[in-house]
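Peer 1: Chains as they are written, first to last, in this note's numbering: chain A, 42 to 298; chain B, 37 to 303.
A portion of the hints provided could be inaccurate.
[Said to hold, decoys possible] Stretch by stretch, here's where chain B covers chain A in the computed footprint (C-beta under 8 Å, at least three residues):
id, region
1, 97 to 104
2, 167 to 175
3, 200 to 211
4, 220 to 232
[What the hints assert, rightly or not] With a straight-line Cα cutoff of 27 Å, these simulated DSS-like cross-link-like pairs (lysine-lysine) come out:
id, chain 1, residue 1, chain 2, residue 2
5, A, Lys-158, A, Lys-191
6, B, Lys-146, A, Lys-158
7, A, Lys-87, A, Lys-137
8, A, Lys-211, B, Lys-146
9, A, Lys-86, A, Lys-137
10, A, Lys-211, A, Lys-158
The hints are simulated quantities; they were obtained by calculation from the structure and are not laboratory data. From the three backbone atoms N, C-alpha and C, an ideal C-beta is built for every residue, glycine too.
Given next are the chains, with one letter for each unit.
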Amino acid sequence: MIKRVALALLLFVSSSAAADRPPATIFAAASLSDVFQEAGRQVTKKSGYSYHFVFSGSQQLAAQLEQGAPADVFASADDRWMSYASEHDLIDGSAKRFARNRLIVITPASNPGRIDKLEDLARPGVKVLIGVESVPVGRYARQALSRLSKGSDYGRRVLANVVSQEENVKSIVAKVQLGEADAGFVYVTDVSASLRGRVRVITIPEASNVIADYPIAIAHGATNHDAAQAFVDYLLSTDGQALLARYGFLSAGTDSP
Amino acid sequence: MAVTAAAGLLLLLLGLPVLSLLLRVPSGSLLRRLSDPVIQDALRLSLVTSLLATACVVLLGTPVAYLLATRFFRGKPVVETVIDLPIVLPPTVAGLALLLAFGRAGLAGKALGAFGITLPFTTAAVVIAQVFMSLPFFVSSARAGFARVPRSLLDAASTLRASETYTFFRVVLPLSTPSLIAGASMACARALGEFGATITFAGNLPGITQTMPLAVYVAFQTDLEVAIALSVILMLLSFLLLLGLRAPAGLAERRPTAPRFVSTVSR
Chain A
42 MIKRVALALL LFVSSSAAAD RPPATIFAAA SLSDVFQEAG RQVTKKSGYS
92 YHFVFSGSQQ LAAQLEQGAP ADVFASADDR WMSYASEHDL IDGSAKRFAR
142 NRLIVITPAS NPGRIDKLED LARPGVKVLI GVESVPVGRY ARQALSRLSK
192 GSDYGRRVLA NVVSQEENVK SIVAKVQLGE ADAGFVYVTD VSASLRGRVR
242 VITIPEASNV IADYPIAIAH GATNHDAAQA FVDYLLSTDG QALLARYGFL
292 SAGTDSP
Chain B
37 MAVTAAAGLL LLLLGLPVLS LLLRVPSGSL LRRLSDPVIQ DALRLSLVTS
87 LLATACVVLL GTPVAYLLAT RFFRGKPVVE TVIDLPIVLP PTVAGLALLL
137 AFGRAGLAGK ALGAFGITLP FTTAAVVIAQ VFMSLPFFVS SARAGFARVP
187 RSLLDAASTL RASETYTFFR VVLPLSTPSL IAGASMACAR ALGEFGATIT
237 FAGNLPGITQ TMPLAVYVAF QTDLEVAIAL SVILMLLSFL LLLGLRAPAG
287 LAERRPTAPR FVSTVSR
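Next up, chain A with everything else stripped away, as it sits in the complex (with noise of 0.2 Å):
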């Protein structure tokens, strides 16, 4: 028994040791968790190339690389971020677009707060989530609430039914789903065919709605400089193009619909 039991770690460790490459360290937004993940599979299974991914709010992340944290490819939900990382020397190269994204609100399935339409937001009493300003998700929903206003003062309304401002956008949908809040500001791919049931969602109208650009770029100092390109290119393959189309995402290339 314990021969073999010490013949299963055995064989464990010799496995994982016999990986050729150590894999690739790939920064992502938050809200790129599930496509990338599912990215990573369809690169390994076509290059061999393997992925460990670090995804929080892409302010996190800048900060992160520049006190040294050891990454290959950097991947924000925003260009400020991104030009961050440039102006730092934190990446390599220039930075590409892959994928674009769009603002939701999103409530409880109980909706307890009675939230139907965007307006309902401004009423008082009302618990509203948001990202911190410097994280993407923040900043594009005080842009999306700005553009709502048009003059009004029912930005400012909502801004002060915010209960919490959250450092990423998962935290946001976990809140929310848990009931917590009564209504938050998210990306459109964060609502998942797992979280259909659990929330429900009011559209921004596209004329008030913010795009969402996620650059993505080597990072400087990646060390495992093939496997990041083959991860790079992949997303911006037409088979990547597709795979974040599936995930909600809007197609890189195209200007504002």
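With chain A fixed as given, assemble chain B onto it according to the hints.
Peer 2: Chain B only, in chain A's frame:
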């Protein structure tokens, strides 16, 4: 030789980060930063909530610690483990658990909702998270203090027909005060540093739920200088608290009355 090396390495590991933080901040700018409204809000909120949390911890923890120190009952190990759990629990797990219990859709939260009380995203939630995380530190210290009160003193009190309540307030409490103060300072320091449970259960809103550790985290992503200034302030506060914690213990060591009293009685 090996001991010296280990001690040196340990000192380096603990001391160097502290020193690095201090070296990054010119003292003049630190004082100037104190007038920054974000820092002021976070500092005020942190002080108010940690003091409130400490008060709750002392009120709730003292009877429990006394019970644990003096009684044996079925399921005591389970109770002890439950109380100790927050020490080893990752704070985010604690926050999620609090959300599932006291959140709007949570087990107890639903009942509270019937009375119009909702806890998440409020300053009360910050205090609850801090109490949850710091309670075990107080209970273990207070319990040790209670357990050190000699059995003979309690027996003497009871032969003099003192009620248990009377004995607790006149004999046990005075003798355990240093342990209670030490436990309370430890709990307060832990509450001051609470981050994970707070951001998960109470959220992050300046002036309402954004305590110092949360403000450090947010500032780290936007303004490193503010983050460093906040960190230094937080570190100095914690340092002073822990240093103060040493004072009552030293006092007890020097104070001759208590031990002498004990020895006469036990003879």
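Peer 1: Are three or more residues of the region 167 to 175 of chain A within 8 Å, CB to CB, of chain B?
Peer 2: Contact hint for the region 167 to 175 of chain A vs chain B: holds, 5 residues under 8 Å.
Peer 1: Within the region 220 to 232 of chain A, is the number of residues with a Cβ closer than 8 Å to a Cβ of chain B three or more?
Peer 2: Answer holds; 3 residues pass the 8 Å Cβ test.
Peer 1: Holds or violated: A:Lys-211 with A:Lys-158, Cα cutoff 27 Å?
Peer 2: Within the cut-off at roughly 23 Å; holds.
Peer 1: Would you check chain B against the region 97 to 104 of chain A, counting CB to CB pairs closer than 8 Å, and say if three or more residues qualify?
Peer 2: Satisfied; 5 residues make the cut.
Peer 1: Within a Cα-Cα threshold of 27 Å, do A:Lys-87 and A:Lys-137 meet the stated pairing?
Peer 2: holds (22 Å)
Peer 1: Report holds or violated for chain B covering the region 200 to 211 of chain A, Cβ cut-off 8 Å, minimum 3 residues.
Peer 2: Check passed, 6 qualifying residues.
Peer 1: Would you mind confirming whether the straight-line C-alpha gap from A:Lys-86 to A:Lys-137 stays at or under 27 Å?
Peer 2: holds (24 Å)
Peer 1: Given the hinted pair B:Lys-146 and A:Lys-158, is their Cα-Cα distance within 27 Å?
Peer 2: It holds: about 26 Å lies between the C-alpha atoms, which stays within 27 Å.
Peer 1: Tell me if the straight-line CA distance from A:Lys-158 to A:Lys-191 falls inside 27 Å.
Peer 2: Distance of about 17 Å is within 27 Å: holds.
Peer 1: Is the straight-line distance between the alpha-carbon of A:Lys-211 and that of B:Lys-146 27 Å or less?
Peer 2: Cα-Cα ~24 Å, so holds.
Checked against the numbered hints above, the structure breaks none of them.
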